[in-house]
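Trainee: Below are the chains, spelled out letter by letter.
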Amino acid sequence: MKGSQLGEFEEIVLLAIALLYDDAYSAAVVEELSQRLERPMSLGAVHRTMQRLEEKGLVQSRFGEATAERGGRRKRLFTVTTAGEQTLQEARKIRNDLWADIPKAAFGGGLV
Amino acid sequence: MNSNHKGDELRPPRWALAVLKRLAAPHLREELEGDMEELFHKRVHRHGFTQARLLYILDLLLLLHPRLWRPQPEPRFTPRYTKYSDVSKPSSFSPVMIRNYVTIAFRNLVKNKSYSAINIGGLAVGMAVAMLIGIWINDEVSANKHHKNYETLYQVKLNQTFDGRRGTQDAIPYPLGNELRTKYPDFKAVAMYERTEGTRSLIVGEQKFLKHGIYIGEEAIDMFSLNILNGDQKPLKEPYSIALTDETAHTLFGNQNPIGKIVRLDNSVDLKVTAVLAKQPANATLQFDFLLPWQLMEARYEWARNATTNWRTNDFSVFAQLKDGIDPAQTNAKIKDVVLNHLASIDPMSKNLVKPEIFLHPMAKWRLYSDFTEGKNTGGFIKYVRLFGVFGLFILVIACINFMNLSTARSEKRAKEVGVRKAVGSDRKQLIGQFLSESTLIAGMGLIVALIIVLVSLPFFNTLTEKKMAIEFGNPVFWSIMLAFTVFTGLLAGSYPALYLSSFNPVKILKGGIHVGKNAAIPRKILVVIQFTFSVVLMIGTIIIYQQLQHGKNRPLGFTKAGLIMVNSTKHLLDHYDALQNELLATGAVTATCKTNAPPTQWWSSNSGWQWKGASPNDESVIFTTIATSYDYTKTMGIKLKEGRDFSREFATDSSGVILNEAAVKRMGLKHPVGARLRWANRDWTVVGVAPDLVLEWSPYRDVAPMTIIFAKDWVNFIDVRINPAVAPSVAIAKIQPIFDKYNPGFPFDYKFADTEYAKKFRYEELVGNLSAVVCLLAIFISCLGLFGLASFIAEQRTKEIGVRKVLGASIANLWGLLSKDFVLLVIIACLIASPIAWYAMNQWLENYTYKITIHIGVFIAVLALALLITLLTVSYQAIKAALLNPVKTLRSE
Numbered sequence: 001m002k003g004s005q006l007g008e009f010e011e012i013v014l015l016a017i018a019l020l021y022d023d024a025y026s027a028a029v030v031e032e033l034s035q036r037l038e039r040p041m042s043l044g045a046v047h048r049t050m051q052r053l054e055e056k057g058l059v060q061s062r063f064g065e066a067t068a069e070r071g072g073r074r075k076r077l078f079t080v081t082t083a084g085e086q087t088l089q090e091a092r093k094i095r096n097d098l099w100a101d102i103p104k105a106a107f108g109g110g111l112v
Numbered sequence: 001m002n003s004n005h006k007g008d009e010l011r012p013p014r015w016a017l018a019v020l021k022r023l024a025a026p027h028l029r030e031e032l033e034g035d036m037e038e039l040f041h042k043r044v045h046r047h048g049f050t051q052a053r054l055l056y057i058l059d060l061l062l063l064l065h066p067r068l069w070r071p072q073p074e075p076r077f078t079p080r081y082t083k084y085s086d087v088s089k090p091s092s093f094s095p096v097m098i099r100n101y102v103t104i105a106f107r108n109l110v111k112n113k114s115y116s117a118i119n120i121g122g123l124a125v126g127m128a129v130a131m132l133i134g135i136w137i138n139d140e141v142s143a144n145k146h147h148k149n150y151e152t153l154y155q156v157k158l159n160q161t162f163d164g165r166r167g168t169q170d171a172i173p174y175p176l177g178n179e180l181r182t183k184y185p186d187f188k189a190v191a192m193y194e195r196t197e198g199t200r201s202l203i204v205g206e207q208k209f210l211k212h213g214i215y216i217g218e219e220a221i222d223m224f225s226l227n228i229l230n231g232d233q234k235p236l237k238e239p240y241s242i243a244l245t246d247e248t249a250h251t252l253f254g255n256q257n258p259i260g261k262i263v264r265l266d267n268s269v270d271l272k273v274t275a276v277l278a279k280q281p282a283n284a285t286l287q288f289d290f291l292l293p294w295q296l297m298e299a300r301y302e303w304a305r306n307a308t309t310n311w312r313t314n315d316f317s318v319f320a321q322l323k324d325g326i327d328p329a330q331t332n333a334k335i336k337d338v339v340l341n342h343l344a345s346i347d348p349m350s351k352n353l354v355k356p357e358i359f360l361h362p363m364a365k366w367r368l369y370s371d372f373t374e375g376k377n378t379g380g381f382i383k384y385v386r387l388f389g390v391f392g393l394f395i396l397v398i399a400c401i402n403f404m405n406l407s408t409a410r411s412e413k414r415a416k417e418v419g420v421r422k423a424v425g426s427d428r429k430q431l432i433g434q435f436l437s438e439s440t441l442i443a444g445m446g447l448i449v450a451l452i453i454v455l456v457s458l459p460f461f462n463t464l465t466e467k468k469m470a471i472e473f474g475n476p477v478f479w480s481i482m483l484a485f486t487v488f489t490g491l492l493a494g495s496y497p498a499l500y501l502s503s504f505n506p507v508k509i510l511k512g513g514i515h516v517g518k519n520a521a522i523p524r525k526i527l528v529v530i531q532f533t534f535s536v537v538l539m540i541g542t543i544i545i546y547q548q549l550q551h552g553k554n555r556p557l558g559f560t561k562a563g564l565i566m567v568n569s570t571k572h573l574l575d576h577y578d579a580l581q582n583e584l585l586a587t588g589a590v591t592a593t594c595k596t597n598a599p600p601t602q603w604w605s606s607n608s609g610w611q612w613k614g615a616s617p618n619d620e621s622v623i624f625t626t627i628a629t630s631y632d633y634t635k636t637m638g639i640k641l642k643e644g645r646d647f648s649r650e651f652a653t654d655s656s657g658v659i660l661n662e663a664a665v666k667r668m669g670l671k672h673p674v675g676a677r678l679r680w681a682n683r684d685w686t687v688v689g690v691a692p693d694l695v696l697e698w699s700p701y702r703d704v705a706p707m708t709i710i711f712a713k714d715w716v717n718f719i720d721v722r723i724n725p726a727v728a729p730s731v732a733i734a735k736i737q738p739i740f741d742k743y744n745p746g747f748p749f750d751y752k753f754a755d756t757e758y759a760k761k762f763r764y765e766e767l768v769g770n771l772s773a774v775v776c777l778l779a780i781f782i783s784c785l786g787l788f789g790l791a792s793f794i795a796e797q798r799t800k801e802i803g804v805r806k807v808l809g810a811s812i813a814n815l816w817g818l819l820s821k822d823f824v825l826l827v828i829i830a831c832l833i834a835s836p837i838a839w840y841a842m843n844q845w846l847e848n849y850t851y852k853i854t855i856h857i858g859v860f861i862a863v864l865a866l867a868l869l870i871t872l873l874t875v876s877y878q879a880i881k882a883a884l885l886n887p888v889k890t891l892r893s894e
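As they're listed, the protein sequences go chains A and B.
Using our numbering, the letters of the first sequence map in sequence onto residues 1 to 112.
Using our numbering, the letters of the second sequence map in sequence onto residues 1 to 894.
I should point out that these hints are in silico values taken from the structure, not numbers from a laboratory.
Any given hint could turn out to be false.
Unchecked claim - Chain B stretches covered by chain A per the calculated footprint, using a threshold of three residues with CB under 8 Å from any CB of chain A:
{"#": "1", "stretch": "35 to 43"}
{"#": "2", "stretch": "56 to 62"}
As the list claims (entries may be wrong) - Only pairs whose alpha carbons sit at most 27 Å apart, straight line, appear in this in silico DSSO-like list of lysine-lysine:
{"#": "3", "chain 1": "B", "residue 1": "Lys571", "chain 2": "B", "residue 2": "Lys211"}
{"#": "4", "chain 1": "B", "residue 1": "Lys429", "chain 2": "A", "residue 2": "Lys56"}
{"#": "5", "chain 1": "B", "residue 1": "Lys642", "chain 2": "B", "residue 2": "Lys713"}
{"#": "6", "chain 1": "B", "residue 1": "Lys666", "chain 2": "B", "residue 2": "Lys279"}
{"#": "7", "chain 1": "B", "residue 1": "Lys508", "chain 2": "A", "residue 2": "Lys56"}
{"#": "8", "chain 1": "B", "residue 1": "Lys742", "chain 2": "B", "residue 2": "Lys761"}
Ideal Cβ placement from N, Cα and C applies to all residues, glycine included.
My request is simple: use the sequences and hints to build the entire structure.
Mentor: Set out below in structure tokens:
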């Protein structure tokens with residue numbers, strides 16, 4: 001756990017990048033997340049998070065192809081690094097462990 | 001996709017795009033514009049044009065954040081270890097890393113052997129000197145502290161004015177001790193002691209020894225917390241007893257128990273040994289081989305018994321101990337007029353002119369603050385302690401400067417190493433750790449070498465300073481100082497390379513090497529100038545001290561000190577003086593003998609109250625130093641009288657004759673001194689001769705005081721003997737000794753040469769001269785060592801340049817000049833800075849003397865020449881070596 005201080009939003013963005021695999025760029029992540037979370041997403045928030053993730057070494061980026069839709073501008077494509085994957089795994093494990101350790105009675109299962 | 005003509009209309013607001021273009025950092029502009037546009041088009045499809053435009057503006061607002069316009073950070077090196085990898089990066093100061101630093105440091109030392117030797121050697125010598133000086137200062141400062149009552153013990157001193165000058169002395173009248181003891185409750189204890197120093201004869205069985213003993217009140221044992229090793233706890237209670245130091249007891253009795261044994265003193269009284277005392281440490285003020293009870297003095301000498309109620313004669317001394325918590329200033333105020341009050345009724349002159357005033361001089365000041373001018377304490381030896389403290393600091397600074405200079409000069413070569421280290425993932429903290437541990441390691445090795453140097457040189461140093469000092473290896477304070485000092489030096493010396501080099505950008509270093517411009521060498525040059533300024537100040541100072549020393553030694557004395565010996569007179573010798581003199585002369589080894597009250601190199605007595613024709617009443621307080629002698633004084637001393645003649649057996653009237661020195665004639669204002677009538681001690685005196693000014697002062701640099709040489713047959717402490725210059729001194733002594741032994745049973749033959757005794761007057765000057773010579777030589781040595789190292793680095797740095805110059809036709813002399821001139825310039829600057837400093841400081845020092853040299857400009861020129869010569873010799877080796885290199889070899893690699 002030590003060292004992997006990943007905020008909730010960072011974790012979600014990181015997961016989205018992993019999900020989009022080879023086509024993860026800011027606009028795509030915004031689209032993906034707005035659909036899945038069913039709430040509007042600002043490009044600014046997503047873009048800044050992705051910058052931060054890159055500084056932490058959890059993702060790396062390269063320029064992708066330009067499309068007409070973008071007015072001929074290139075995309076910055078992100079991929080999750082090994083370190084990023086490791087951090088995600090860790091976060092997941094912690095959640096799983098927490099879930100596993102919740103007593104059944106906690107969510108009322110025992111009473112019904 | 002919509003057709004192109006339609007796309008024209010479906011555009012995001014122009015101004016918003018312009019804002020984005022303007023605000024976004026260049027490296028983000030393209031992707032963000034693209035993302036925004038892509039989202040806009042998707043939203044037009046989904047929600048329609050108007051809403052897409054609104055969302056576009058909203059997104060733009062939400063993008064406003066420092067990250068949007070922050071410039072692109074420098075490319076970072078992805079470290080091998082990251083926060084998120086499975087192998088955690090060791091902290092910069094974890095044991096693993098420290099072990100690594102030390103290993104690397106060792107490898108570096110071994111790899112650059114000459115550099116390491118210069119660096120460690122220079123630092124070690126500097127530390128050793130600083131340590132020796134530290135030990136010396138500690139020895140001076142801690143003197144007398146072994147006495148338990150250090151804080152409350154005092155010497156009672158007396159201020160008196162004679163001939164307009166206020167003098168301070170230890171000698172006080174006898175009754176003062178009792179007065180202080182009985183009438184002033186401030187005092188816890190008071191002990192009288194006999195002031196005159198000298199040796200006495202101790203006889204045990206057949207063996208005779210000369211030892212130094214003092215008569216002292218029994219209170220002194222407790223006051224000075226003297227450690228009684230064996231015997232009576234109150235060893236000085238009975239008058240006919242004697243307390244020996246352990247050393248003396250061993251000399252006298254070997255391994256036998258000395259307690260209760262009999263010792264014969266001065267071949268006249270038998271004393272019982274009552275105790276064995278621990279010998280005082282060498283730096284204690286109270287020094288003795290044995291102690292005699294105060295009552296014994298009264299029992300033995302009539303003059304002592306007569307003095308018990310005499311307030312006029314100052315022949316004794318007294319130690320006093322205050323009760324705890326008493327303020328000495330208050331006690332001083334109470335006691336200052338004790339002597340005056342007793343004298344006022346019998347001697348009205350004392351009140352108006354002499355104004356005797358007593359005061360307490362604390363033990364803490366006995367050793368280092370013993371000088372008094374006009375009745376005020378004006379320091380003393382402390383000035384030399386401070387001076388050498390500064391010298392020690394100088395040397396240390398010079399050594400540290402070396403260390404820093406060499407480290408920084410070399411660090412440029414290590415820039416590549418820093419680049420590679422950074423590239424493979426070492427961060428700045430680790431590099432700092434690396435450099436600091438390297439310099440601390442060198443400092444540590446310097447410490448070890450320094451300790452060895454100190455151990456080896458301490459005996460010589462002890463001889464030089466006439467001390468018995470040792471390193472207190474058992475003392476944790478010593479070790480913590482050493483350790484702190486080493487770490488401090490290491491950190492100081494390593495700080496520059498550590499902080500400077502670690503800040504290099506690896507890309508730049510590895511690409512083409514960093515170009516440290518001329519500016520980088522400036523601090524180094526300043527340090528060299530500082531270093532040489534110190535050295536040159538020391539050089540000038542030492543030369544001037546030696547000149548002053550030589551000046552004093554060359555002073556015309558008015559008498560011939562070579563071939564003159566002195567022997568303490570005893571009753572036996574004086575009883576048979578005529579026979580002794582005849583037999584000595586008969587040997588042919590002796591040309592003259594005389595009797596005096598003082599050794600031939602000093603005066604011991606001074607008197608006021610002389611009256612002469614034309615003297616004013618106040619002139620009665622003029623002090624004349626007094627030599628009491630009888631016949632043959634000038635012959636024995638080798639004095640050439642200026643006028644008149646010596647005392648002669650042919651003139652019966654000479655029994656009231658007096659010889660004046662020139663200063664006395666001048667003071668009295670006598671136009672025709674020979675035959676002048678004087679009056680003193682209720683007697684008439686006639687001047688028979690005028691002697692030159694004999695330099696018999698305690699310091700050979702003082703003005704000669706007016707002196708009267710009076711005829712006084714029975715006032716004798718010494719017999720002086722003039723050895724025939726044709727006879728070797730050792731042969732003469734062999735002939736003289738049996739005659740003295742014959743007439744002086746009970747005393748070993750003990751003689752002193754006047755010239756060696758006189759030489760002792762230069763103790764301080766010689767000590768200071770020798771110490772500064774040593775410090776100066778080492779300072780120059782260390783500075784040159786640093787210069788040598790620096791020159792080698794610079795020569796190495798400029799190898800290619802030299803190669804090119806050679807190819808283009810530069811001669812070896814040209815190149816030698818090229819490489820040397822920088823250093824020569826620095827040394828000249830240092831000399832220019834140092835000369836006025838040295839001139840000022842040495843003028844201050846010379847102020848202490850009345851008979852002194854004037855500082856000559858030649859000294860500064862000579863030192864400048866010497867400094868340049870030394871510099872050139874040091875630098876030339878490297879310069880010529882570099883100039884001789886074959887340019888083919890140096891340029892081949894390009």
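Trainee: Now, for every hint given, state plainly whether the structure supports it.
Mentor: Tested hints:
1. 35 to 43: holds (count 7)
2. 56 to 62: holds (count 3)
3. Lys571/B x Lys211/B: holds (18 Å)
4. Lys429/B x Lys56/A: holds (20 Å)
5. Lys642/B x Lys713/B: Given pair Lys642/B, Lys713/B holds - Cα atoms ~24 Å apart, limit 27 Å.
6. Lys666/B x Lys279/B: Judged against 27 Å, a Cα distance of about 49 Å means the pair is violated.
7. Lys508/B x Lys56/A: holds (25 Å)
8. Lys742/B x Lys761/B: Judged against 27 Å, a Cα distance of about 33 Å means the pair is violated.
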